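> Residue numbers (my numbering), protein chains in the order written: chain A, 295 to 730; chain B, 3 to 248; chain C, 12 to 466.
Since the hints were made in silico from the structure, they are not lab data.
Just so it is clear, the structure is predicted and the values come from calculations on it, not from any experiment.
A few of these clues could be false.
[Said to hold, decoys possible] Restricting the straight-line Cα-Cα distance to at most 25 Å, the calculated cross-link-like pairs of lysine-lysine (DSS-like) are:
no. : chain 1 : residue 1 : chain 2 : residue 2
1   : B       : Lys-139   : B       : Lys-117
2   : C       : Lys-152   : A       : Lys-723
3   : B       : Lys-139   : B       : Lys-180
4   : C       : Lys-357   : A       : Lys-322
5   : B       : Lys-139   : A       : Lys-723
6   : B       : Lys-130   : B       : Lys-180
Okay, here's what each chain looks like letter by letter:
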Amino acid sequence: MPQARQPHAHLPHRLLPPARRWSLTNPKVRSGLIQLVLAGVILWLIWSFYDNAQVNLARLGVTSGFGFLDQHAGFSISQSLIPYDENMTYGRVFLIGLLNTLLVAVCGIMLATVLGFVMGVARLSGNAVIRVLSAAYVEVTRNLPPLFQIMFWYLAALAVLPGPRESWSFGLQPLMMWIGGGLEKLGLSAVGGWLMAQAAQLSAPGVFLSNRGLVMPRPVFEPGSGVVFWALVFAVLLSVVLGRWARRRRERTGQPFPVALAVVALLLVLPLLAAVATGFPVHVEQPELRGFNFAGGVNIIPEFVALLLALSIYTAGYIAEIVRAGISSVPREQVEAARALGLRGPQLLRLVVIPQAMRVIVPPLTSQYVNIAKNSTLGVAIGYPDLVSLFAGTVLERTGLAIEIIVMIMAVYLTISLLTAGAMAFYNKRIALVER
Amino acid sequence: MSAPVAVEMIDVNKWFGDFHVLRDVNLAVAQGERIVICGPSGSGKSTLIRCINRLEAHQSGRIIVDGVELTDDLRNIEQVRSEVGMCFQHFNLFPHLTILENCTLAPIWVRKMAKREAEELAMHFLAKVRIPDQANKYPGQLSGGQQQRVAIARALCMRPRIMLFDEPTSALDPEMVKEVLDTMVELAADGMTMLCVTHEMGFARQVADRVVFMDEGQIIEMNAPEPFFTAPRHERTRLFLSQILR
Amino acid sequence: MASLHDTSGRNNAPYMATALVPARMPPQGQGKGWRWVRSNLAGSVLQVVLTLFGLWLVYMIVPPLLSFFITDAIWTGENRTACLPPQEGVSVGACWPFIRAKFDQLIYGFYPADERWRVNIAYGLGALLLLPLLVPRLPGKRLNMMLFFGVFPVIAFVLLTGGNLRLSAFLGALSPGLGFWGDALLCAFILLAAAVGFTALRNGALAAREVARQLLVPVAVAALVLLAVDVDFGLVPVETRLWGGLLVTLVITLVGVSVSLPLGIVLALGRRSRLPLVRISSVVFIEFWRGVPVITVLFFATYMLPLFLPGDMSIDALLRALVGVALFASAYMAEVVRGGLQAIPKGQYEGAEALGLGQGLAMRLVVLPQALRVVIPGIANTFIGLFKDTTLVLIVAIFDLLGAMRAAFTDPNWATPTTLFTGFGFAGLIYFAFSFGMSRYSMALERHLNREQRT
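Chain A with its partners taken away, still in its complex shape:
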């Protein structure tokens, strides 16, 4: 085959005779042809999708468009962060779904991060029992499907909780009762009895867990609470100033300053002082058992609790592996060099290990955060009113506008994903180790 010697597109072919102009072995012709065919296929697909959709929608008698967002929704929603009633529009429903998705995602991210970092560090522990336990945690949580875990928490674990009347309570009172009971069993009945007597005088406990969800006290703000709020803001600002001052002082004189302690003190003392001065304008509304359910307080629906638990526990398994890999990626020699310089303990971690580990940890960690947001859509299986459940579930059923609704939902998640990807690209560029 004489043509076998023809140049390939990617090799420099300056020294070879130029390819025939309209030959298939001319790389330019070939690539042009391939792209032409591809363009044709894509255009045909788009056109036929559009054409079929027109025909099908006409046949089904659906009026397409986004006008439905202004229509009355006419159904109730079990959890809403903003005021809602049945007379409000589908647009409002969209907003509520989005907020509910973000709520469970943000809470899940915080919980999963804490749990994941603890588990990741535990996997590197010097203690064999802790190591084995955290490894077991990681294997079990990562190898069970997230939807399985959501269903388990919702259908099995939360369902066996007692009804509101016998709900489990958490708070100072039950804790004191529990300790007192324990002490009595140990033979210290005098102390135990006293503790239980004290507990009995306290008001009802704060947090109730039952098969209706989690009920917590709600802070009620009265006039004057603004002062307390501004005191808190002022304390935050003061903390920032203090932090910068402490850093400058350390750089100037080398003297450290217990910033963390001071900041905690500031954040506690200033609002407290303000509260005392204004006569405690904030009080806590305790939930109370009325009939078969609780009145007052904040009620967190069981769907939220189940979804949050499942997402955090599932994702924490992945975060643990990311943290472990990140910390292991810092060479042992780096730690030795830092030790040889006299650094130790927390300083060694903060100045040498963590900055290097974070470069490895942050990018996959961020994609786990996006995964939490994406997996929160699984709440639809247990009826948590998130974006997908409200929109692709209830609203789609009522309006039949599949294209508009699915496009809107996909757009939301695509925006989240692309924004995160962009932020990560920026971060990676900024922190990339400078090499020759």
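Assemble the complex: chain A is given as a structure, and chains B and C must be docked to it using the hints.
Below, chains B and C alone, put in the same frame as chain A:
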């Protein structure tokens, strides 16, 4: 009048698992003395000097550094580590910090020095190893020889009384060995107490007060460089020298 | 330094060892086991506290699980009464008769009982072909692969659906009376003639024969496959809406795996292509399906796709879900493969091309085998992810293992306090065994390949 002892090791033994890596090692290093330690790989020479700032813990015997005995007591370890500088085969600079930050890190956080002061100190030593103009670059941007000189400057910033070198030139390209050795020779001329694990026999002849030959975890022979190289007495020393000198 | 030999110290004089110190064992109390205990369990107060805490956790978790699922469990019974606690306040363990009663439903769904032998044959054949594929030592990998990924799906398809698709003549207007097979033959002939003629015109007769041979094989294979699904073997057709349980889970996983790997490789190559249109369309495809949640992909395939297709074309619900799975799985796979392609040094491309291999051959013989080897863990993770994501089809009303389990929970004949936990325990065990097995296998395979490469 004899100079005070900087490092003393008495009947030191160490095991990695069941592997007996240091066997009854006895060594005393006077202040200002320069020791070169050589021996085949796996002979325990790196472990020996890593025991001196307790990157490795010994299991029996005593190690006394500058009058402080190394025990499990954390305070003793800290004190020793901040007085003993160390350079590694692979430099081990912190890749996320600039050259200057590498040098000021320990003075600021361990010595509690003011930042300005630490930077002046760092620039002083960077000038001494002849790379002050690279201060704001990152380690990855420097050549191996430059990185090793930065590592020396970084150790010097803690104003150590003793310097340990663990094969400082083995990971370098041949053309960069000299610049690092020159820096070490200058350091020796300033009277620093030095323990170097190295196979640079030219350096040993020029600088060392004593050469220590180790094999199988023990000191086989120890002598001033001249007699050590010209008239090795132990059979193993002779074999080793014939292999590396040719 | 002049004071060389008069410093204080023990042995600064010239020294020579007279006898070598023999290696000794570590001193008493530092034996292997004790050392391990010291450094891993009880080195310090904190260590001891952690050990005790860990053991307490184990004590709180493991014995109750064992007693629930084994010692306290109910093993025999016909209905819920067997699993109810004998009296108030007494707790009983897992209700295994519930699993036994629902076992068929969990494994086959509502597949007709008389036809379940077909599913069993498919299961057995799959296992028979898969197992030797998994053992690296066994020979005949190429044939085995072709059997598992090429022949098995066709057989399984015919077995499970009943085959006999009654393919319709598609050249209808052009060839009335010719029927489907006439059409197919005609098309194959035209295709072959065109290719041979074109090549003959350009390159001479020898190449034309080569092209004919290369084209004949795919045409023949396609004909065989079509024939297999079209012939009436006398099997009763079973609609996919009757399928369920583990069957659906495995079908979706296998189809997803076998579609996503080749498609993912094509997309990954497309993303690295020099042709802008190819590159851009690959990037858009990959990033779009990776950017949206899996459940919206399934919603897309279920509710939106039918609107995009001609109105008279009704697609099976399971097939719709499979399309959705294939879409996102290949996008994920593409990113994994791309990582592998990036890890292959430029020298490998150059070396292959220096040997005169064309771009396609260099990719197929040199780069891809290495790239795929690099990303075995990533591929395995994608498969595991796919396996776990099969549970999502229950949201679009297809009953996979989890869906079948949820349906079983609603049976009032088996409503007991422990039914739910028993069901989740059983399903969890299956899911865990598959994903854990896959991840362990990929690790072992990776180690094996690394070892092989080094020697």
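> State for each hint whether it applies.
Now the hints, each set against the structure:
1. For the suggested pair B:Lys-139 and B:Lys-117, the alpha carbons sit about 18 Å apart, so the restraint of at most 25 Å is met.
2. Among the hinted pairs, C:Lys-152 with A:Lys-723 is inconsistent with the structure: their alpha-carbon atoms are about 43 Å apart, more than 25 Å.
3. Taking the CA atoms of B:Lys-139 and B:Lys-180, the gap is about 23 Å. The hint holds against a cut of 25 Å.
4. For the suggested pair C:Lys-357 and A:Lys-322, the alpha carbons sit about 23 Å apart, so the restraint of at most 25 Å is met.
5. Simply put, B:Lys-139 and A:Lys-723 have alpha-carbon atoms about 17 Å apart, close enough for the 25 Å limit, and the pair holds.
6. Straight-line distance between C-alpha atoms of B:Lys-130 and B:Lys-180 comes to about 16 Å, which keeps the hinted pair within the 25 Å bound.
Consistency note: the structure conflicts with earlier hint 2 alone.
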